[in-house]
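J.: Now for the letters of each chain:
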Amino acid sequence: MTDAIAVHDAQLRFGQTVALEGVSVSVPQGTCFGIVGESGSGKTTLMRAMLGLQRLDAGEIRILGTPLQQGRAALTRRARIVQPIFQDPAASLSPRSRIRTLMNEVGTVLKEPHAATHERLLVILKRLGLPDSVIDKYPHEISGGQARRVAIARALLMKPSILIADEPTAGLDVSVQGDLLNLLQDIRRAQNITLVVISHNLAVVRLIAENAVVMRAGKVVEIGEVGALFGAPREAYTKELLAAWPSVTHAASV
Amino acid sequence: MSEAIWALKRICSERDGRLGLAFTIAILAFALLGPLVSPDPNVLDIKARFAAPGVAHLLGTDNLGRDLLARTSVGTRYALTLAVLIVVISSVIGSLIGIVAGVAGGWVDRAVTAVFDIVNAFPPLILAFALIALYGKGSATFVFLVTVVFIPQFGRMARARARTLRNLSFIEAERMLAVHPVTIVVRHYLPNVAGPIIVLASMNLPVVIAFEASLSFLGFGVQPPKSSLGTLIKDGFVSINQSWWPTITAALVLAVATLGATLLGEALRRVIDPKSAGAR
Numbered sequence: 001m002t003d004a005i006a007v008h009d010a011q012l013r014f015g016q017t018v019a020l021e022g023v024s025v026s027v028p029q030g031t032c033f034g035i036v037g038e039s040g041s042g043k044t045t046l047m048r049a050m051l052g053l054q055r056l057d058a059g060e061i062r063i064l065g066t067p068l069q070q071g072r073a074a075l076t077r078r079a080r081i082v083q084p085i086f087q088d089p090a091a092s093l094s095p096r097s098r099i100r101t102l103m104n105e106v107g108t109v110l111k112e113p114h115a116a117t118h119e120r121l122l123v124i125l126k127r128l129g130l131p132d133s134v135i136d137k138y139p140h141e142i143s144g145g146q147a148r149r150v151a152i153a154r155a156l157l158m159k160p161s162i163l164i165a166d167e168p169t170a171g172l173d174v175s176v177q178g179d180l181l182n183l184l185q186d187i188r189r190a191q192n193i194t195l196v197v198i199s200h201n202l203a204v205v206r207l208i209a210e211n212a213v214v215m216r217a218g219k220v221v222e223i224g225e226v227g228a229l230f231g232a233p234r235e236a237y238t239k240e241l242l243a244a245w246p247s248v249t250h251a252a253s254v
Numbered sequence: 255m256s257e258a259i260w261a262l263k264r265i266c267s268e269r270d271g272r273l274g275l276a277f278t279i280a281i282l283a284f285a286l287l288g289p290l291v292s293p294d295p296n297v298l299d300i301k302a303r304f305a306a307p308g309v310a311h312l313l314g315t316d317n318l319g320r321d322l323l324a325r326t327s328v329g330t331r332y333a334l335t336l337a338v339l340i341v342v343i344s345s346v347i348g349s350l351i352g353i354v355a356g357v358a359g360g361w362v363d364r365a366v367t368a369v370f371d372i373v374n375a376f377p378p379l380i381l382a383f384a385l386i387a388l389y390g391k392g393s394a395t396f397v398f399l400v401t402v403v404f405i406p407q408f409g410r411m412a413r414a415r416a417r418t419l420r421n422l423s424f425i426e427a428e429r430m431l432a433v434h435p436v437t438i439v440v441r442h443y444l445p446n447v448a449g450p451i452i453v454l455a456s457m458n459l460p461v462v463i464a465f466e467a468s469l470s471f472l473g474f475g476v477q478p479p480k481s482s483l484g485t486l487i488k489d490g491f492v493s494i495n496q497s498w499w500p501t502i503t504a505a506l507v508l509a510v511a512t513l514g515a516t517l518l519g520e521a522l523r524r525v526i527d528p529k530s531a532g533a534r
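The listed protein sequences correspond, in order, to chains A and B.
Sequential numbering of the first sequence, starting at 1, is according to the working numbering.
Sequential numbering of the second sequence, starting at 255, is according to the working numbering.
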């Protein structure tokens, strides 16, 4: 089966800084893939490259077998396949628009009547545990946790087959983190969505992902099945990373 | 609407804001109501030349016996109309050009920035003289040249704001949803650029009023028999030995108009700019 996302030998520099160097990653369809690493390891840059928000100096990224292309037509096609959930979901919602307006934009993109979008939205909101009243609010009128769910709802409204979540649990209470991860897992399984989770929190990736890549300074340190990766790491850096996270065993129970 | 009321309340909560608002309302009332309580500004009454302020002529008369209340009021109305017209046109055109440059980036951005730099390289008065030499005197020329001078100011601010917005998550999220670029500009860029543009517009109003008065004073603005604050000051200045009130009256109105607009603009800036106004 074609990989959901295939990154081949991605190279990117910002001036003298190496952002990505020889990164090759394959994300099988319908699985959850984790990208872990410390700050500045290139996780978010890789995510932005996967979304087409960041052009590579060299290398190739394929989404469901199709190379990433620039241009409006390619973007429109890609938007129906890949959707991001940004690290700061509140900041990813336009501050001067009501949630309803933001959701209706999805309907317009999909060329769907607003009533039909609204109906689908209500189902998604219910599934995410959000009240219907949230759609009449402005982003600043909802909590951080609600904003994250609204961002997920908007992404799901596009009916994507790939979701890329950047630090999906950042800034949330531990109990809410668990709920959200379970929710993402449920949605992924129910809708056969490929989920890419970017996190510096090893516990999150260990809990939710089947495969993962460990990154450092823009390079792939180790890649493989999560159990093997965290159970018997081959690379010294992965061992260091695991050792630096004494909370992993506790957090895994979240 | 609620934001406008909120802004008005904040403006009224500080002394300078109240003063600016009071001056501006007074000047607006003077410009709007003046002609209703005074005779035709162009009617000559030679017998009443240089009449001092009194019951017949509340602000006196000029060297041709024309009522100064009517002429000052009409001049103020003219100055305010031109200022609002110029600021609105230049802010709308400048904002659109700036946003397009900021959003598009690349050669479009470089070309627009270069044009803005070229226009800004000329001192406004020198540019005004050059354009007047090319197109002649008159209100249309004045509106055109001042608009040209002010477009880069609004354009630069809109461009800078658009460049910042372009990399913010909510704009990237809109792009990732493949929302049409025009929709993104209208719905998400414009409202977020509007605040600083409104502040700049309010700060530029007094500048345009003073600029119009300067050009008219130098004889390049409004032509007789029309009246403007600049021509009133100049005409009064010529005969200041016979009567001081034409110059003083027009200068006072000009001072109050520019001071009011400046104080109001400053207050609006403090209200809208969170860095100086505090968190909302």
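Calculated from the structure, these hints are not laboratory results.
Note that CB positions come from ideal geometry on N, CA and C, so glycine has one too.
Check the hints yourself; a few may be wrong.
Restraint ranges, calculated between C-beta atoms of paired labels, are given here [stated by the list, open to error]:
hint: 1; chain 1: A; residue 1: 175; chain 2: B; residue 2: 369; range: 51 to 61 Å
hint: 2; chain 1: B; residue 1: 480; chain 2: A; residue 2: 70; range: 40 to 50 Å
hint: 3; chain 1: B; residue 1: 369; chain 2: A; residue 2: 235; range: 26 to 36 Å
hint: 4; chain 1: B; residue 1: 480; chain 2: A; residue 2: 100; range: 34 to 44 Å
Which chain B residues stay away from chain A? Per the calculated CB distances, all over 12 Å, these [what the hints assert, rightly or not]:
hint: 5; residue: 261
hint: 6; residue: 338
hint: 7; residue: 391
hint: 8; residue: 479
J.: For residue 369 of chain B and residue 235 of chain A, compare the CB-CB distance with the range 26 to 36 Å and indicate the outcome.
T.: violated (55 Å)
J.: Kindly confirm whether 40 to 50 Å is satisfied by the beta carbon distance between residue 480 of chain B and residue 70 of chain A.
T.: violated (56 Å)
J.: Between residue 175 of chain A and residue 369 of chain B, does the beta-carbon spacing fit 51 to 61 Å?
T.: holds (57 Å)
J.: Okay, residue 480 of chain B versus residue 100 of chain A on CB: inside 34 to 44 Å?
T.: violated (52 Å)
J.: Against chain A, does residue 479 of chain B hold up as non-interface, every C-beta pair farther apart than 12 Å?
T.: Consistent with the label, residue 479 of chain B stays out of reach of chain A, its closest Cβ about 49 Å off (over 12 Å).
J.: Confirm or reject: residue 391 of chain B is not an interface residue toward chain A, with every Cβ-Cβ distance exceeding 12 Å.
T.: Holds, because the least Cβ-Cβ distance between residue 391 of chain B and chain A comes to about 43 Å, which exceeds 12 Å.
J.: Could you let me know if the closest chain A CB is still more than 12 Å away from the CB of residue 338 of chain B?
T.: holds (25 Å)
J.: Does residue 261 of chain B really sit off the interface, with its C-beta more than 12 Å from all C-beta atoms of chain A?
T.: Holds, because the least Cβ-Cβ distance between residue 261 of chain B and chain A comes to about 15 Å, which exceeds 12 Å.
Checked against the numbered hints above, the structure violates hints 2, 3 and 4; every other hint is satisfied.
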